[in-house]
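Q: Protein chains in written order, with this note's numbering: chain A, 1 to 314; chain B, 315 to 636.
These aren't lab readings, by the way, just hints derived from the structure by calculation. Do not take every clue at face value.
Now the in silico label distances, taken between C-beta atoms and shown as ranges [said to hold, decoys possible]:
#1 B:Gln632 to A:Ala304: 34 to 40 Å
#2 A:Gly128 to B:Ile619: 42 to 48 Å
#3 A:Phe307 to B:Arg631: 51 to 57 Å
#4 A:Ala123 to B:Ser567: 54 to 60 Å
#5 A:Ala304 to B:Thr509: 42 to 48 Å
#6 B:Leu353 to A:Gly128: 41 to 47 Å
#7 A:Glu33 to B:Ala516: 50 to 56 Å
#8 A:Pro170 to B:Val615: 55 to 61 Å
#9 B:Gly324 to A:Lys293: 54 to 60 Å
#10 B:Ala352 to A:Glu33: 53 to 59 Å
#11 B:Ile560 to A:Pro40: 26 to 32 Å
#12 B:Arg346 to A:Leu196: 49 to 55 Å
Okay, the calculated bits of chain B under chain A, using three or more residues with CB under 8 Å as the criterion [unchecked claim]:
#13 326 to 336
#14 425 to 432
C-beta atoms are modelled at their ideal positions from N, C-alpha and C, and glycine is treated no differently.
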Amino acid sequence: MADDVVLESHGLTKHYNGFVAVDNLDLTVRRGEVFGLLGPNGAGKTTTILMLLGLTEPTAGSVRVLGLDPVRQPLSVKTHVGYLPESLGFYDGLTAYENLIYTARLNGLRRDEAQERIASALAQVGLGEVADKRVATFSRGMRQRLGVADVLIKRPQLIIMDEPTQGLDPEAARDFLGIIRRLKADGITILLSSHLLHQVQAVCDRVGLFHRGRMVLEGTVDELARRVLGGAYRIQVEAEGGVGVEDALRRIRGVVNVTCPGRNLYELEAEDDLRPEAARTVVEAGGRLLSLKVELPSLDDVYARYFEKEEKHG
Amino acid sequence: MAKRSKAREGSPWTGLWAVVFKEMADHLTSARMLILQALILVTAVGTVYAATSNLRDTVAQDRFLLLKLFTTAQQPLPAFVGFLGFLVPLVAIALAFDAINGEFNQRTMARLLAQPIYRDALLFGKFLAGLFTLALVLTTIWLLIVGMGILGLGVPPGGEEVARSLWFLALTVFYGGVWLALALVFSITFRQPATAALASIAVWLFFTVFWGIIADLLAQFLRPVRVGLPIEFLAQAQMALMLSRISPNTLYSEAILAMLNPAVRSLGFVLPVQLDGAILGAPLPLDQSLALIWPHLTGLVAVTILLFALGYVLFQRQEIRA
Chain A
1 MADDVVLESH
11 GLTKHYNGFV
21 AVDNLDLTVR
31 RGEVFGLLGP
41 NGAGKTTTIL
51 MLLGLTEPTA
61 GSVRVLGLDP
71 VRQPLSVKTH
81 VGYLPESLGF
91 YDGLTAYENL
101 IYTARLNGLR
111 RDEAQERIAS
121 ALAQVGLGEV
131 ADKRVATFSR
141 GMRQRLGVAD
151 VLIKRPQLII
161 MDEPTQGLDP
171 EAARDFLGII
181 RRLKADGITI
191 LLSSHLLHQV
201 QAVCDRVGLF
211 HRGRMVLEGT
221 VDELARRVLG
231 GAYRIQVEAE
241 GGVGVEDALR
251 RIRGVVNVTC
261 PGRNLYELEA
271 EDDLRPEAAR
281 TVVEAGGRLL
291 SLKVELPSLD
301 DVYARYFEKE
311 EKHG
Chain B
315 MAKRSKAREG
325 SPWTGLWAVV
335 FKEMADHLTS
345 ARMLILQALI
355 LVTAVGTVYA
365 ATSNLRDTVA
375 QDRFLLLKLF
385 TTAQQPLPAF
395 VGFLGFLVPL
405 VAIALAFDAI
415 NGEFNQRTMA
425 RLLAQPIYRD
435 ALLFGKFLAG
445 LFTLALVLTT
455 IWLLIVGMGI
465 LGLGVPPGGE
475 EVARSLWFLA
485 LTVFYGGVWL
495 ALALVFSITF
505 RQPATAALAS
515 IAVWLFFTVF
525 WGIIADLLAQ
535 FLRPVRVGLP
545 IEFLAQAQMA
555 LMLSRISPNT
565 LYSEAILAML
575 NPAVRSLGFV
585 LPVQLDGAIL
595 GAPLPLDQSL
605 ALIWPHLTGL
615 VAVTILLFAL
625 GYVLFQRQEI
635 RA
């Protein structure tokens with residue numbers, strides 16, 4: 001096994017009373033990357049995560065996390081892997097600090113070391129000011145950030161987050177994505193699951209799309225967009241006049257398709273951001289360029305288009 | 315496969331004490347426990363005060379004054395042990411009925427089990443914390459009663475008296491352990507703490523109120539008196555007694571009777587022939603009283619272990635997804 005592989009599964013399968021929750025999953029996550037397990041609710045993301053942590057036993061298949069087997073060596077795995085569950089709760093009657101002290105004790109940390117780590121973890125997620133406030137007074141976003149602090153206490157090499165931005169308001173979600181980026185900058189590998197594709201697409205290096213217990217697509221967002229949408233970029237050109245503009249646009253290298261959704265409107269599907277080329281082509285064809293817009297490929301489109309195709313074929 | 319042959323790593327008790335200390339801190343500061351502690355305290359002070367004033371007249375005649383403090387009733391108040399018989403189950407149930415389902419409801423379970431501990435440590439830690447809390451409360455009250463006794467009666471207790479009352483204390487803690495384990499099992503089975511509490515109280519009521527009646531009826535059915543011979547009556551009564559001992563309440567009350575009253579020589583039926591040569595009212599030595607209640611003590615501990623094992627199996631198989 002290569003040194004930079006943090007997490008690896010082969011043929012991972014889980015059945016719940018005859019229902020197949022996860023089907024023959026092969027997954028590889030490398031050191032330092034942010035990997036997104038994406039898919040609708042009930043696609044098997046949480047079950048996969050629980051198996052990776054040894055919190056549920058796989059029906060078949062094997063998992064290696066940091067080179068360890070979570071079924072037989074759960075303590076070592078859980079010492080080095082942080083888990084931020086989907087339904088994240090704290091003891092409401094205790095303060096943030098007291099909640100974290102309990103975690104530190106369960107991790108066998110000495111008191112002085114625990115205090116130091118808690119202070120730095122709380123500061124890292126911006127909760128240093130409210131350490132001695134009871135968690136009952138915390139907002140959803142603050143709880144989620146406290147969850148990250150809770151995970152950071154063990155100084156993890158890998159953090160697994162289950163639906164980390166669900167239920168957060170847009171601002172809190174943006175803050176949270178910022179925290180994920182900072183963790184990545186600190187060299188921590190992150191595996192996160194989400195059904196909010198557009199939110200996590202910005203932070204994920206690679207994603208795997210889940211559907212009914214299987215991972216149907218895997219790669220970077222651009223790769224997936226190219227594979228599923230044909231062209232990854234969608235460029236809208238508004239131009240007046242000119243001769244044979246549509247044909248000229250079609251001839252640009254890298255353009256996959258051109259459509260005319262309206263008068264003076266051209267829509268290009270391209271493999272790259274070809275706005276300069278499109279502008280030049282319009283002008284060379286004698287047209288007047290009115291506007292030029294590029295639409296970045298979105299995972300939502302990828303997902304929707306993929307299952308559109310699947311249903312047509314299947 | 316090779317991985318199946320390997321045992322799981324590490325000790326199942328990793329993190330046990332972290333759980334115990336956290337849970338005990340919770341118990342000792344919770345409003346629920348404060349109320350129950352106050353209740354026991356009031357009961358103890360009331361009954362012992364009544365017993366002291368009652369015993370003052372007979373101080374000179376009794377060797378076991380300290381023990382009498384626990385058992386002397388002054389109308390309309392029952393004796394302290396009478397109160398303990400139902401207060402201890404109540405406290406034990408209050409300590410454990412939301413142990414496991416509470417973690418699920420607060421959504422702390424997933425986070426807790428993601429820490430490097432086994433479920434064993436969590437479950438046993440919660441049980442131990444309950445038992446220690448119970449022991450702490452009862453010991454405090456025991457000391458209080460002994461102190462009040464010395465002040466009120468002016469007689470220092472003898473060594474055997476202290477030993478017997480300490481055994482009484484231990485028996486009470488073990489008795490609480492049974493109800494603690496029962497409530498723990500229900501806290502695993504039922505997702506709603508209220509359901510778990512009601513189920514525990516239902517079992518307790520069943521054994522306190524109904525089991526005696528059922529035991530008598532069952533005995534009449536199993537050992538009917540057909541002809542009216544004395545041996546038939548005896549067999550029926552013995553059967554009723556055996557059945558009633560299935561209830562932890564009976565085990566406990568018989569055991570503390572023998573411990574606190576050294577004159578008790580038998581907990582079953584004694585025929586006059588068997589008493590030939592015995593000096594009635596003469597106290598038994600402590601080791602003989604212990605021999606008398608040993609089956610009761612082991613019975614209480616065994617029920618606790620069985621219930622805990624059941625809870626352990628249920629908890630290990632529970633999926634942590636709600």
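Q: Let me make sure I understand: some of the numbered hints might not hold for this structure. Which ones are they, in numerical order?
A: 3, 11 and 12
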